[in-house]
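Trainee: If you want the building blocks of each chain, they are given just below.
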Amino acid sequence: MASGSGYFYTSYRQALAVFDTAFKKQALFALAIAVALFPLVGSNFQVHLVNLCFIAVLGALSQNLLIGYAGQVSLGFAGLFAAGGFTAALMVKELEFSAFIPVVAAASAVGAVLGVLVGLPSLRVKGLYLAVSTLALHAVIVYGASEYQHRLGGSAGIVIPKPSFGPLIIDSDREWYYLLGVVAALTTLACINLVRSRVGRAWQAIRDRDIVAEACGIPLVRYKLLAFTVSSALAAMAGAIDAYHAGFVSVEKYSFLLTVQYLAMIVVGGLGSILGSLLGAFVITLLPFVIDFIVHIFPTPERLVINILQLQRIAFGGVIVAVFLLEPRGLVALWERVKSFFQLWPFKFMVSGLR
Amino acid sequence: MSTPQPLLRVHNLEVTYHRKLVAIRNVSLVVPAGAMVGVIGINGAGKTTLLRAISGFLPGEDAQITEGDIVYQGRSIKGLQPHETTSLGIALVPERDKVFLTLTVEENLAVARWRGGSSDGKSQRRVLEQIFEWFPLLAERRRQVAGYLSGGERQMLAIAMALLNNPSLLLVDEMSLGLAPSVLAHLEDRLRAIREEMGLTVLLVDQFASMVIRISDYCYVMENGGIVFDGPPERLLAHEDVREFYLGMSDSAQGVKSYREVKQYRRRRRWYG
Amino acid sequence: MDAQLVAQVVVLAAFYSLVGTGYVLVYRASRVLNLANGELLMLCAYFLFALTVLGRGLLPLMVLLALVLVAVVAGVIYWATIRPMTGHPVFSIVLMTVGLAIVLRGVSELVWTAQARYPLEVLGITNKTLHLPAGAAVTVVEAGAVAAAVLFIGGVIAFLRLARIGMQMRASAEHPVLASQRGVNIHLAFALSWALAAIGAGIAGLAFAANVRLEPNIAEQGLRALAVPLAGGLTSILGTVIASLMVAMSENLAVRYADPLLAGVVPYFIILAFIILRPWGLLGEEEELERV
Numbered sequence: 001m002a003s004g005s006g007y008f009y010t011s012y013r014q015a016l017a018v019f020d021t022a023f024k025k026q027a028l029f030a031l032a033i034a035v036a037l038f039p040l041v042g043s044n045f046q047v048h049l050v051n052l053c054f055i056a057v058l059g060a061l062s063q064n065l066l067i068g069y070a071g072q073v074s075l076g077f078a079g080l081f082a083a084g085g086f087t088a089a090l091m092v093k094e095l096e097f098s099a100f101i102p103v104v105a106a107a108s109a110v111g112a113v114l115g116v117l118v119g120l121p122s123l124r125v126k127g128l129y130l131a132v133s134t135l136a137l138h139a140v141i142v143y144g145a146s147e148y149q150h151r152l153g154g155s156a157g158i159v160i161p162k163p164s165f166g167p168l169i170i171d172s173d174r175e176w177y178y179l180l181g182v183v184a185a186l187t188t189l190a191c192i193n194l195v196r197s198r199v200g201r202a203w204q205a206i207r208d209r210d211i212v213a214e215a216c217g218i219p220l221v222r223y224k225l226l227a228f229t230v231s232s233a234l235a236a237m238a239g240a241i242d243a244y245h246a247g248f249v250s251v252e253k254y255s256f257l258l259t260v261q262y263l264a265m266i267v268v269g270g271l272g273s274i275l276g277s278l279l280g281a282f283v284i285t286l287l288p289f290v291i292d293f294i295v296h297i298f299p300t301p302e303r304l305v306i307n308i309l310q311l312q313r314i315a316f317g318g319v320i321v322a323v324f325l326l327e328p329r330g331l332v333a334l335w336e337r338v339k340s341f342f343q344l345w346p347f348k349f350m351v352s353g354l355r
Numbered sequence: 356m357s358t359p360q361p362l363l364r365v366h367n368l369e370v371t372y373h374r375k376l377v378a379i380r381n382v383s384l385v386v387p388a389g390a391m392v393g394v395i396g397i398n399g400a401g402k403t404t405l406l407r408a409i410s411g412f413l414p415g416e417d418a419q420i421t422e423g424d425i426v427y428q429g430r431s432i433k434g435l436q437p438h439e440t441t442s443l444g445i446a447l448v449p450e451r452d453k454v455f456l457t458l459t460v461e462e463n464l465a466v467a468r469w470r471g472g473s474s475d476g477k478s479q480r481r482v483l484e485q486i487f488e489w490f491p492l493l494a495e496r497r498r499q500v501a502g503y504l505s506g507g508e509r510q511m512l513a514i515a516m517a518l519l520n521n522p523s524l525l526l527v528d529e530m531s532l533g534l535a536p537s538v539l540a541h542l543e544d545r546l547r548a549i550r551e552e553m554g555l556t557v558l559l560v561d562q563f564a565s566m567v568i569r570i571s572d573y574c575y576v577m578e579n580g581g582i583v584f585d586g587p588p589e590r591l592l593a594h595e596d597v598r599e600f601y602l603g604m605s606d607s608a609q610g611v612k613s614y615r616e617v618k619q620y621r622r623r624r625r626w627y628g
Numbered sequence: 629m630d631a632q633l634v635a636q637v638v639v640l641a642a643f644y645s646l647v648g649t650g651y652v653l654v655y656r657a658s659r660v661l662n663l664a665n666g667e668l669l670m671l672c673a674y675f676l677f678a679l680t681v682l683g684r685g686l687l688p689l690m691v692l693l694a695l696v697l698v699a700v701v702a703g704v705i706y707w708a709t710i711r712p713m714t715g716h717p718v719f720s721i722v723l724m725t726v727g728l729a730i731v732l733r734g735v736s737e738l739v740w741t742a743q744a745r746y747p748l749e750v751l752g753i754t755n756k757t758l759h760l761p762a763g764a765a766v767t768v769v770e771a772g773a774v775a776a777a778v779l780f781i782g783g784v785i786a787f788l789r790l791a792r793i794g795m796q797m798r799a800s801a802e803h804p805v806l807a808s809q810r811g812v813n814i815h816l817a818f819a820l821s822w823a824l825a826a827i828g829a830g831i832a833g834l835a836f837a838a839n840v841r842l843e844p845n846i847a848e849q850g851l852r853a854l855a856v857p858l859a860g861g862l863t864s865i866l867g868t869v870i871a872s873l874m875v876a877m878s879e880n881l882a883v884r885y886a887d888p889l890l891a892g893v894v895p896y897f898i899i900l901a902f903i904i905l906r907p908w909g910l911l912g913e914e915e916e917l918e919r920v
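Chains as they are written, first to last, in my numbering: chain P, 1 to 355; chain Z, 356 to 628; chain C, 629 to 920.
The reader is advised that the hints may include incorrect statements.
[Said to hold, decoys possible] Calculated from the model, a selection of chain C residues having no Cβ within reach of chain P, i.e. all distances over 12 Å:
#1 Leu728
#2 Gly752
#3 Gly772
#4 Ile785
#5 Ala791
#6 Val893
[Unchecked claim] Derived CB-CB ranges, DEER-like:
#7 C:Arg789 with Z:Glu495: 15 to 23 Å
#8 P:Ile192 with C:Leu692: 53 to 61 Å
#9 C:Leu692 with Z:Asp572: 56 to 64 Å
#10 C:Thr714 with Z:Ser478: 51 to 59 Å
#11 C:Val700 with P:Ile308: 48 to 56 Å
#12 P:Leu344 with Z:Leu492: 56 to 64 Å
#13 P:Ser255 with C:Arg789: 51 to 59 Å
#14 P:Arg124 with C:Arg841: 49 to 57 Å
#15 Z:Glu495 with P:Val212: 28 to 36 Å
#16 Z:Val377 with P:Ala27: 25 to 33 Å
#17 P:Gln204 with C:Leu890: 37 to 45 Å
#18 C:Val840 with Z:Leu492: 42 to 50 Å
#19 Z:Arg481 with C:Val700: 32 to 40 Å
Hints were generated in silico from the structure; no laboratory data involved. Idealized CB from N, CA, C, for every residue including glycine.
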């Protein structure tokens, strides 16, 4: 990227560090402080909103790893999210076991196994056909889940108790905030390292030109399936955590629309970017509330106020269309443009090298 | 006596790709009406870029005309879109991918849009009959799917399709690629006949220099994005460097030199002029 | 296998092939799955509903107008959103159609609310039952839908094969650059493809609305029909027709002899089977499966 800042590495350690510049370290520190102190100044509702965003971050990261970094199209998110939720539900209901960490771990494991299944078509097809096969598998998983739910007579859904760590029970929004914040932060860090590692590089090579990647000695089968496994495990983990957070599990919420929401997150935020996943997760999660806010602040015709759900829907679809028409590479690209502008000013572009 | 206005005049043309890479610079050439003008040069000299600039296909390759002008029939056509240049009478026979592989020969010919009103259905049919006379092979293979035609037949079909655009100026890009000498000779002969009967003006671009020199009225030699030499065929044949580098006719028994040798040679011996 | 089952299969197949042809036409032109096809289906039905204010007795005119309107909408969608995205990866364009679908659904719900409507009731027309030989029974609308499907699909196939513009559309779909070098206005050709696709989906939507009911979520019928072009071949209309009979038969058999809930999932099993065995469907071109 364009960088006229004149910042250079002076040691290997610096080049390998995740947060390489002093500015980044300082910014991160400030961000951490802000995040930690937020619940003390924000209202319950606002904290709740951020909790939703934290959960969304997990799902968005899982999708971006698979689609943005590894280049494998998948429409199966909702199925894997459901798998996580229903694994939790199964363990709570059938095994009467509800300790948080083991259940979430089990859900991730189930997700990983399903991920291998969902990923098998990727060894044979790509692109549109792969997307459709993942959609088909999603339908099958949801069908299985709905059969389970209906057989159990729990048509209203299965209740999940609050998570507990020994004597500590996570009950209020603020307590959830810290738990989810830590989980999201750790997951983000893990993903940042993953994409910088050999695995991440292999994925990007496969994404860009898998025939050449194979010629370079990257085993496609192993890395493609790994992408699906990791992504699905993360998605299922998110599903299980979401099940605890919402307090219950029901098959209705795992629709194709859910998949579309998470795809929108990574597209709006930026494919192939961790920061993009975070930005997209926040934007898409908060969008309906922003619409709600706008409608109530400004004088709006009564009819529109009643139909707020439709307005939120239109806004959601509209954001997707707008992003593709205006800046297909997402918010991170927009951010890069702003950054370059200030870094290069008064010049317009860098002459040497290619961007 | 004043010379009649040329059909096409390229004046001081500069084309840039991706706002960074200057592909051709300071290119000027003249195509008189009814003439066959040739452009030779090795791969990468800028010949295809020149044709793209004339026919309006630069934007698709993220390229622009950054200087100079192209004047066709007295008006500037710089920046026109492909379908606009086609309606003005410029037809491009492209380099690769020249025919629609899933359509039959007849259907391929039906796709080309005839320039002129719909009342020209008669003249369109007349040209179609004429085309089948010029290319009896196509008449034989009317209903065959174009994907199964041989290279030479495909080239014939591509030229025929371009002719069905009722052009005044035919741009032919690398017609000789992948064709055996006898097939190519047949095509040259057809092209000559078509020109005579239709009074067509042709701009022929090819790296097969001897063919171009043989059938053109006037030739330009392009190198590294510029025109380095031009003249009627006799002049080109008489020029030592053309003989050596483009025709492989050197007095030593070495044949055409490698490009690297050419570059070094050129540095030592001033080529221009 | 009794006559009633056959009749049901034919009716469902007609519906599927209308929607499926829409997918095929768009795929050939733009190389994408138009996931807003269901919404176009729904929109056309709503257009008819809106036109019922013209009063009864003008049903043929209303049908025609509704189809024309939805064709125009599709053409505009192509021009405004798909054409600028030429050259973008397929995944992005498909997601764009999803975004459009969401917007269209939301707008429809806003304008017409989620209440179920019955256009034929409004017009005072009853959907009589026709008694066919061998004990089968279909409604007038269902019979009309089958006839319309045959006419429309036959017409489209003939048009593409014989008409000059049809050949130009096929040429543009195969090789847009070459087509435009030969003077074809490819964007007009593509817009026409999208318009025709919308008409196919529209006929299906009108039939469904008249036969069952009209509400926003009939758009989901469009997704249900996705199995058909995938099984038949995304580039082949004929393949879609054959596949629609196949899928319709499987669904009806599943409903009758197995679990009714299974009917919704049967198409997806068929999709999976084809992806594993023959990704490009029955009659599709063995394409180099494009990467995202």
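Trainee: Does each hint fit the structure? Answer for all of them.
Mentor: Hints versus structure:
Separation of Leu728 of chain C from chain P is inadequate, the least Cβ-Cβ distance of about 6 Å not exceeding the 12 Å criterion. At roughly 29 Å from the closest C-beta of chain P, the C-beta of Gly752 of chain C stays outside 12 Å, upholding its exclusion from the interface. Even its closest Cβ contact with chain P, about 31 Å, leaves Gly772 of chain C beyond 12 Å, as expected for a residue assigned away from the interface. For Ile785 of chain C, the requirement that its beta carbon stay farther than 12 Å from each beta carbon of chain P is met, with the minimum near 23 Å.
Residue placement check: Ala791 of chain C keeps its beta carbon more than 12 Å from all beta carbons of chain P (closest about 29 Å). A cut-off of 12 Å between C-beta atoms contradicts the statement that Val893 of chain C is not in contact with chain P; the least separation is 5 Å. One distance hint, 15 to 23 Å for the beta-carbon pair Arg789 of chain C and Glu495 of chain Z, holds here, with the actual separation near 22 Å. Remark: the range hint 53 to 61 Å for Ile192 of chain P to Leu692 of chain C is upheld by a beta-carbon distance near 58 Å.
Taken as a hint, the range 56 to 64 Å holds for the pair Leu692 of chain C and Asp572 of chain Z, whose Cβ atoms sit roughly 59 Å apart. A hinted range of 51 to 59 Å is violated for the C-beta pair Thr714 of chain C and Ser478 of chain Z, which are about 34 Å apart. For the pair Val700 of chain C and Ile308 of chain P, the supplied restraint of 48 to 56 Å is violated, since their beta-carbon distance comes to about 30 Å. A hinted range of 56 to 64 Å for the beta carbons of Leu344 of chain P and Leu492 of chain Z is consistent with their spacing of about 59 Å.
Roughly 40 Å separates the CB atoms of Ser255 of chain P and Arg789 of chain C, a value that falls outside the hinted 51 to 59 Å. Restraint check, Arg124 of chain P to Arg841 of chain C: a C-beta distance of roughly 40 Å breaks the suggested window 49 to 57 Å. Against the hinted window of 28 to 36 Å, the Cβ-Cβ separation of Glu495 of chain Z and Val212 of chain P comes to about 43 Å, which falls outside the hint. Between Val377 of chain Z and Ala27 of chain P, the C-beta spacing of about 41 Å breaks the proposed range 25 to 33 Å.
Taken as a hint, the range 37 to 45 Å holds for the pair Gln204 of chain P and Leu890 of chain C, whose Cβ atoms sit roughly 41 Å apart. Val840 of chain C and Leu492 of chain Z have their C-beta atoms about 58 Å apart, which leaves the hinted 42 to 50 Å range violated. In this structure the supplied range 32 to 40 Å holds for Arg481 of chain Z paired with Val700 of chain C, their Cβ-Cβ distance being about 38 Å.
The structure is inconsistent with the numbered hints 1, 6, 10, 11, 13, 14, 15, 16, 18, although it conforms to all the rest.
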